[in-house]
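Using the numbering used here, the first residue of the sequence shown is number 8, and each one after it goes up by one.
Hints are computed from structural coordinates only; laboratory data are not their basis.
The C-beta atom is built at its ideal place from N, Cα and C for all residues, glycine as well.
Fair warning: there could be bad hints in the mix.
Computed Cβ-Cβ distance ranges for the label pairs, DEER-style [what the hints assert, rightly or not]: (1) SER23 with GLY58: 49 to 55 Å; (2) LYS99 with PRO65: 17 to 23 Å; (3) PHE52 with PRO26: 51 to 57 Å; (4) SER89 with LYS117: 50 to 56 Å.
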Amino acid sequence: METDIWPIFGIETIESKFPNGFNPEVMPCTTTGMDKAEALNFYIFPTISSGEFTISVPNLDNYQVEIFNLLGQQVHYQNYNSPQVILAINVKAGVYFVNVSAANQSMVQKKVIR
Numbered sequence: 008m009e010t011d012i013w014p015i016f017g018i019e020t021i022e023s024k025f026p027n028g029f030n031p032e033v034m035p036c037t038t039t040g041m042d043k044a045e046a047l048n049f050y051i052f053p054t055i056s057s058g059e060f061t062i063s064v065p066n067l068d069n070y071q072v073e074i075f076n077l078l079g080q081q082v083h084y085q086n087y088n089s090p091q092v093i094l095a096i097n098v099k100a101g102v103y104f105v106n107v108s109a110a111n112q113s114m115v116q117k118k119v120i121r
């Protein structure tokens, strides 16, 4: 059976190519190079701000904070040694990703700056 359906002109294209339905093979997802990665439990609030956020990392005194814009450019990086910090950054309005990491732990949250 030929399975090339491009270009797709509508549902008729798919139905004609797969008259008995479409059941793709399920492929397992794996992480590469992250054998011992663990999620880091942290909180950043508020979700929308003018550039000032409170970062709370319970039970951890040494961690790094990186902030990236939607283009993947790093706009902030700093090491912290307090379980809670108030972070004020001066960047353009937009969506940013805050990565908090320590040792083998890391977590990312999306924040909006207006």
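Cβ distance range 17 to 23 Å for LYS99 and PRO65, holds or violated: Violated: the Cβ-Cβ distance is about 31 Å, outside 17 to 23 Å.
message: I want to verify a distance hint. Is the separation of the beta carbons of SER23 and GLY58 within 49 to 55 Å?
response: holds, 54 Å
message: The hint says 50 to 56 Å between SER89 and LYS117; measuring C-beta to C-beta, is that right?
response: violated, 23 Å
query: Has the hinted range 51 to 57 Å been met by the Cβ atoms of PHE52 and PRO26?
result: holds, 52 Å
Violated hints for the displayed structure, listed by number in ascending order: 2 and 4.
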